[in-house]
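**Q** When you get a sec, could you build the whole thing from the sequences and use the hints?
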Amino acid sequence: MSVTANDGGPSGRSLLELEDLDVSYARRGHTPVRAVIGASLTVGVGEIVGLVGESGCGKSTLGRAAVGLLRPSAGEVRYRGEPVQALWRGPRPAKFRSLQMVFQDPYSSLNPRRRVGRQIADAIRLGTGARIDDRAATARVGTLLERVGLSAAIAHRYPHEFSGGQCQRIAIARVLASEPSCIVADEPISSLDASAQAQIANLLAGIVAESGLGMLFISHDLSVVRKIADRTIVMYFGRVVESGVTERIWSDPAHPYTRGLIGAIPKPGAGGSLPSELTGDVPDPARPPTGCRFHPRCPEAIDRCRTEDPPPVEVEPGWQSLCLRSEPRRAGVR
Amino acid sequence: MTVSPGASPTGPGLAGPAAPAAAPATPASPLLVVESLTVALRTSRGIRRAVDGISFSIGRGEILGIAGESGSGKTLTALSLLGLLPMGARTSGSVRFEGRELLGLKKRELRDVRGRQVALVSQDPATALHPLLRIDVQMTEHVRAHLGLSKEQADERAIEMLTAVRIPDPGSALFSYPHQFSGGMRQRIAIAMALACEPRLLIADEPTTALDVTVQAGILRLLDRLRRERGVSVMIITHDLGVMSSIADRICVLYGGRVAEYGATPDVLGGPRHPYTYGLMQSLPSASAAGAAMVPIQGAPPSLDAMPAGCAFHPRCEWAEERCRTVVPTLRALDDGRRLACDVDPLVEHERPLAGAPVTQS
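Read top to bottom, the protein sequences are chains A and B.
Everything in the first sequence is counted per my numbering, starting at 1 for the first residue and increasing by one.
Everything in the second sequence is counted per my numbering, starting at 1 for the first residue and increasing by one.
These aren't lab readings, by the way, just hints derived from the structure by calculation.
Where is the CB? At the ideal position from N, CA and C, for every residue including glycine.
Hints should not be assumed to be uniformly reliable.
Facing chain A, from chain B, some residues (calculated, C-beta under 8 Å) [to be verified]: (1) E69; (2) I247; (3) A293.
Pulled from the structure, derived: some chain A residues nowhere near chain B, Cβ distances all over 10 Å [said to hold, decoys possible]: (4) R27; (5) R97; (6) R157.
**A** Here it is, written out as structure tokens:
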């Protein structure tokens with residue numbers, strides 16, 4: 001039922017694999033809500049995979065399950081071939097410490113009462129298990145701060161002394177302290193000022209390009225994902241509805257939902273025209289529509305969409321769309 | 001350059017969905033004129049001007065965009081129009097709404113303006129609505145207070161407003177609680193609430209920042225429809241230039257509490273002249289070529305306690321000269337009607353992506 005997106009990135013080696021992942025939230029007295037349904041994806045070495053969708057589509061749930069913050073109800077997450085166990089009491093196994101996460105709000109992910117240098121030093125010791133003395137830690141903290149575009153001299157300051165963009169840089173430095181090979185970034189730029197958004201997006205893209213780690217970049221901002229992601233995965237209401245190479249999807253989206261999302265982005269510049277509206281809201285998760293989950297909002301829905309579960313259609317090799325009406329494109333059309 | 005679709009000064013009828021552009025707006029009298037507005041706040045390090053001599057105007061049925069990052073003074077500017085500034089804030093200058101001076105009005109007099117004639121839609125619909133009160137209570141309280149309607153009449157009007165903002169089944173929505181709606185629906189309800197007294201001016205402070213693009217598109221179309229059909233003027237505050245270019249007739253770019261650039265949206269965004277506006281445009285993902293990296297403005301907006309001398313933007317400006325460090329640039333008019341606060345004006349010869357009136361220094 002699910003669309004798979006696996007052609008392991010530029011190097012072909014996959015770091016993080018999600019297979020038929022289901023995540024449900026239990027509700028007292030009700031049937032559980034299935035937030036993620038049969039999602040499969042891979043993140044390869046040196047690759048940025050963008051994950052987009054409206055709020056409530058399950059993209060953050062998927063991201064949290066990917067790093068083990070949530071326990072999947074079915075399916076599996078593998079990191080470097082090993083199943084990721086959901087975090088429970090007790091320390092995280094050392095083999096998963098290089099799988100890290102960047103959160104949306106840097107003010108709440110940093111400890112307000114601890115100097116930023118100390119927080120980064122904590123991550124060096126806990127993340128890598130290195131037993132280093134304070135002097136070595138200070139030197140390493142300085143290197144990390146400079147790596148994210150800050151001065152080493154700010155290590156003794158507190159988070160409230162910095163702007164949102166600077167705090168996000170500090171949070172990224174702390175993630176880098178544990179020498180990650182894969183990062184899940186959940187809306188890392190959404191809460192930042194206009195000029196800081198591009199700075200942080202460039203910083204993350206630069207880190208991936210230089211250190212060859214893999215990144216799952218979760219965002220509702222399609223234009224940024226277009227800019228930095230090698231492949232894009234579009235989620236709607238718990239399901240992956242389209243996945244493939246970013247530029248191909250962007251220039252000629254196969255799924256009507258992807259077309260709706262792209263059409264809703266206001267275009268900056270001189271020729272002011274109103275963005276087109278994708279009517280309706282994401283449905284109530286407790287009462288999912290029958291057939292294709294997008295059909296009540298889909299401008300192209302036909303009768304079959306109301307009753308039939310759409311199968312994944314391979315539009316092109318490595319490009320899939322979960323729509324009854326999508327068709328494979330002839331080779332040579334590219 | 002100002003687009004002001006026809007809107008009768010008395011306001012089109014409530015019920016008329018597509019009020020005709022019968023009485024043309026009088027271009028001579030803008031709805032709101034702000035002149036040399038200054039807001040000084042007391043901080044731990046003394047008194048600081050968070051808004052430093054800002055001037056702009058909004059015509060009837062016009063949408064003015066106020067752009068700026070955190071600390072630019074955009075929200076304080078909006079709050080000063082409503083008399084909602086924090087305690088201890090001192091204002092000077094002039095804010096004239098339909099010819100009436102708003103600064104220094106007594107609480108009682110302000111109450112007639114606030115909510116009734118000038119309404120605010122805030123960024124977060126979740127905080128604009130009281131979670132424990134039904135929509136009908138929230139939507140009719142101010143209507144009854146301002147217009148003296150009965151509960152039934154006020155309910156009727158609330159349903160009409162909910163219909164106008166396209167809430168499905170408004171009759172039952174009115175008797176629901178905020179948590180029963182999605183974020184986009186709540187923002188529509190907040191807008192309906194603001195519209196219930198038929199204000200002449202709607203101040204929308206980042207109305208779509210917390211929303212998805214799909215929902216945002218709906219809200220933008222709604223605001224545009226309101227000004228076309230009801231002649232409502234809108235002051236929209238956002239740092240999203242994509243939103244600006246799709247909806248605002250004119251745009252006022254603020255930086256460090258002062259106006260950096262101010263003019264018709266196609267001019268300002270099509271051919272920005274201030275280095276800050278230019279930098280904002282360049283940092284957008286859509287500005288650079290597909291494979292190329294985005295070009296952000298270096299550094300961060302200044303804080304109130306560390307406002308640079310001279311041009312507030314000079315530490316981040318690649319064209320800054322010696323005089324920029326000491327001399328505050330004057331806001332001067334250009335030939336195309338826009339105003340620019342940059343003495344260096346490095347972009348005057350810049351290739352303009354959009355054909356427009358030839359720009360020369362005035």
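**Q** Please go over all the hints and tell whether each is borne out by the structure.
**A** Evaluation of the provided hints:
1. E69: E69(B) check passes; min Cβ-Cβ to chain A is 4 Å, inside 8 Å.
2. I247: It holds, given that the least Cβ distance between I247(B) and chain A is near 7 Å, below 8 Å.
3. A293: 5 Å, holds
4. R27: 15 Å, holds
5. R97: 30 Å, holds
6. R157: Answer for R157(A): holds, closest chain B Cβ roughly 14 Å.
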